[in-house]
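Peer 1: Just so you know, the protein sequences line up as chains H and C, in that order. With our numbering applied, the first sequence closes on residue 1229, and no number is skipped along the way. With our numbering applied, the second sequence closes on residue 388, and no number is skipped along the way.
Read the hints as simulated data drawn from the structure, not as lab findings. Note that this is a predicted model, so its numbers are computed, not measured. Every clue listed holds true.
If the Cβ cut is set under 7 Å, some of the chain H residues that face chain C in the computed set are:
| id | residue |
| --- | --- |
| 1 | G1157 |
| 2 | L1158 |
| 3 | L1205 |
| 4 | G1216 |
| 5 | E1222 |
Even for Gly, the Cβ is constructed at its ideal location relative to N, Cα and C.
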Amino acid sequence: DGGITQSPKYLFRKEGQNVTLSCEQNLNHDAMYWYRQDPGQGLRLIYYSQIVNDFQKGDIAEGYSVSREKKESFPLTVTSAQKNPTAFYLCASSNKREGTGELFFGEGSRLTVL
Amino acid sequence: AQSVTQPDIHITVSEGASLELRCNYSYGATPYLFWYVQSPGQGLQLLLKYFSGDTLVQGIKGFEAEFKRSQSSFNLRKPSVHWSDAAEYFCAVEDSGGYQKVTFGIGTKLQVIP
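The following block holds chain H by itself, in its conformation from the complex (with noise of 0.2 Å):
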């Protein structure tokens, strides 16, 4: 079936460390976004990309790092910068050749820095 595989479902990490987390979608889908929800805060933008090669900064990305290298990958890189990087990560896709901006998620990264 179709659709946005995030992983791992869960993680830790040690201050000071990188980490980086997966998202792959299979939707043939343009437009790949990432996410951080926090309790009370809903869910903010981090970075989003509309195309290969191309992204850009959403309203948090202060700490964070993407690629997009291949239509099917948009990972995201969470390093020793981001100063309060516990919280649930969110990877969505949509199709942007249709317009609709419906986004398609996975099950969320719950990254957890001891």
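Please arrange chain C on chain H, whose structure you already have, making use of the hints.
Peer 2: Here is chain C on its own, set in the frame of chain H:
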């Protein structure tokens, strides 16, 4: 910049009662509007969307929403709530200018009591 306000953080309703979740948005042009639902520890699922045309839109699971331009609102309704509707609900607005940046509200957590 576009923004979304969900004024109710928590709502409790009795099973079988009607439901209305409020959403107000701020956006310069005609927005694309969405309601998503999230079960605990999961990704988000689209309930319904508005792009243009009929201002009353029907979605999955018996939900509907009405777009009111004069009030900048897009409230979600359901005539009779089921226990399985307990979840968190997010209103979202998309930049209709083609950049597909989607902004979410902080969410409304729905509790359903027997």
